[in-house]
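From first to last, the protein sequence lines are chains A and Y.
Note that our numbering gives residue 96 to position 109 of the first sequence, counting from 1, and the numbers run on in steps of one.
Quick note, our numbering runs 774 ahead of the 1-based positions in the second sequence.
Everything labelled a hint here was simulated from the structure, so no lab data went into it.
A quick note: this is a predicted structure, and the numbers were derived from the prediction, not measured.
Yeah, the Cβ is synthetic: ideal placement off N, Cα and C, and Gly gets one too.
Among the clues, some could well be false.
[As the list claims (entries may be wrong)] Listed next, the stretches of chain A that the computed footprint assigns to chain Y, with coverage defined by at least 3 CB atoms under 8 angstroms from CB atoms of chain Y:
#1 23 to 36
#2 39 to 51
#3 77 to 87
#4 114 to 125
[Said to hold, decoys possible] So the derived label-pair ranges between C-beta atoms look like this:
#5 863/Y - 51/A: 35 to 45 angstroms
#6 878/Y - -6/A: 14 to 24 angstroms
#7 19/A - 898/Y: 25 to 35 angstroms
#8 14/A - 887/Y: 38 to 48 angstroms
#9 801/Y - 39/A: 20 to 30 angstroms
#10 869/Y - 102/A: 34 to 44 angstroms
#11 830/Y - 135/A: 17 to 27 angstroms
#12 882/Y - 14/A: 34 to 44 angstroms
#13 825/Y - -9/A: 48 to 58 angstroms
#14 27/A - 885/Y: 14 to 24 angstroms
#15 898/Y - 63/A: 28 to 38 angstroms
#16 -6/A - 887/Y: 30 to 40 angstroms
#17 12/A - 898/Y: 50 to 60 angstroms
#18 841/Y - 90/A: 20 to 30 angstroms
[Said to hold, decoys possible] With a straight-line Cα cutoff of 20 angstroms, these simulated EDC-like cross-link-like pairs (lysine to aspartate or glutamate) come out:
#19 58/A - 123/A
#20 58/A - 68/A
#21 865/Y - 788/Y
#22 832/Y - 51/A
#23 58/A - 813/Y
#24 58/A - 829/Y
#25 832/Y - 822/Y
#26 832/Y - 813/Y
#27 101/A - 89/A
#28 101/A - 15/A
#29 45/A - 829/Y
#30 101/A - 51/A
#31 58/A - 133/A
#32 58/A - 822/Y
#33 58/A - 127/A
Single-letter residue listing:
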Amino acid sequence: MSAPALDAPHSPGGRATGRNPRSTGNFELNSWLFQRGSGLLLVVLVFGHLFVNLMLGKGIHAIDFAFVAGKWANPFWQVWDLAMLWLAEIHGMNGLRTIINDYATKPTTKFVLKTLLYFSALVVLVLGTLVIFTFDPCIDPNSTLEVCR
Amino acid sequence: MATSPAGTLYRGREGMWTWVLHRITGVTIFFFLFVHVIDTAMVRVSPEAYNTAVETYKNPVVGLMEVGLVAAVLFHGLNGIRVVLVDFWEKGPRYQREMTYVVAGLFVLLMVPFTIRHLANVFGG
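All chains should be modelled from the sequences, with the hints used to inform the complete structure.
Have a look at this one:
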């Protein structure tokens, strides 16, 4: 059995991305670096998030509206969650972008998948950010939470 | 065209499988993040809407899936540190295989207490 013939490797920014190497600048290098930098920060943010929400106290059984209200009364957790949201979504978007580039061969497939990807990332970032900034612990006028009395 | 009697199948051992797992866990976590932001957004609808959404996560079957999700997050995070060390630490490439076993060891070390604690919370009520 003879081995299948292989194409010559793609040149940087060439056929693999379908772009002129001179027009891409340092985008791929920067996204590669971002993936590592954000990844290290996310290890702290996400492991901390899981530990506080699932390991401490009654774990998942303690999570309800009052739990969220208690956490977001503290700017520390607002900043934590906002940083986690943005870093995780962009990190994930960047990872999926790479996977689409690797496995989607037809330009149309690539375009459709990336459009869906960027649209979903936009929805998650806008929705998540609005939720953190506009959260109202007293949204229920009959709330019995301490802050609302 | 050069021919190879062994074919061109890449047998990358540990490094290949961690790479495959890193992609699978990454995609899994990305889809969960989408769901998780939407369920959390229910806090802007009403306390009842949010409590109903989180109630799903306290269901025993979903509770078991959460163990799988945390496993995916732990592996992705620990192996991610290994990837950074391979890329930036001068001795990283030389010790990449040893670091795979460090990742596996830390994974077990963190997964065991988490699984015990989480399942006690899910099934203990």
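Comparing the hints with the structure gives:
no. : hint                              : result
1   : 23 to 36                          : holds (count 7)
2   : 39 to 51                          : holds (count 8)
3   : 77 to 87                          : holds (count 5)
4   : 114 to 125                        : holds (count 7)
5   : 863/Y - 51/A: 35 to 45 angstroms  : holds (44 angstroms)
6   : 878/Y - -6/A: 14 to 24 angstroms  : violated (36 angstroms)
7   : 19/A - 898/Y: 25 to 35 angstroms  : violated (45 angstroms)
8   : 14/A - 887/Y: 38 to 48 angstroms  : holds (41 angstroms)
9   : 801/Y - 39/A: 20 to 30 angstroms  : holds (26 angstroms)
10  : 869/Y - 102/A: 34 to 44 angstroms : holds (41 angstroms)
11  : 830/Y - 135/A: 17 to 27 angstroms : holds (26 angstroms)
12  : 882/Y - 14/A: 34 to 44 angstroms  : holds (38 angstroms)
13  : 825/Y - -9/A: 48 to 58 angstroms  : holds (57 angstroms)
14  : 27/A - 885/Y: 14 to 24 angstroms  : holds (21 angstroms)
15  : 898/Y - 63/A: 28 to 38 angstroms  : holds (30 angstroms)
16  : -6/A - 887/Y: 30 to 40 angstroms  : violated (49 angstroms)
17  : 12/A - 898/Y: 50 to 60 angstroms  : holds (55 angstroms)
18  : 841/Y - 90/A: 20 to 30 angstroms  : holds (29 angstroms)
19  : 58/A - 123/A                      : holds (12 angstroms)
20  : 58/A - 68/A                       : holds (10 angstroms)
21  : 865/Y - 788/Y                     : holds (18 angstroms)
22  : 832/Y - 51/A                      : holds (11 angstroms)
23  : 58/A - 813/Y                      : holds (16 angstroms)
24  : 58/A - 829/Y                      : holds (19 angstroms)
25  : 832/Y - 822/Y                     : holds (15 angstroms)
26  : 832/Y - 813/Y                     : holds (13 angstroms)
27  : 101/A - 89/A                      : holds (12 angstroms)
28  : 101/A - 15/A                      : holds (16 angstroms)
29  : 45/A - 829/Y                      : holds (14 angstroms)
30  : 101/A - 51/A                      : violated (35 angstroms)
31  : 58/A - 133/A                      : holds (14 angstroms)
32  : 58/A - 822/Y                      : holds (18 angstroms)
33  : 58/A - 127/A                      : holds (18 angstroms)
Going through the hint list in order, the structure does not satisfy hints 6, 7, 16 and 30.
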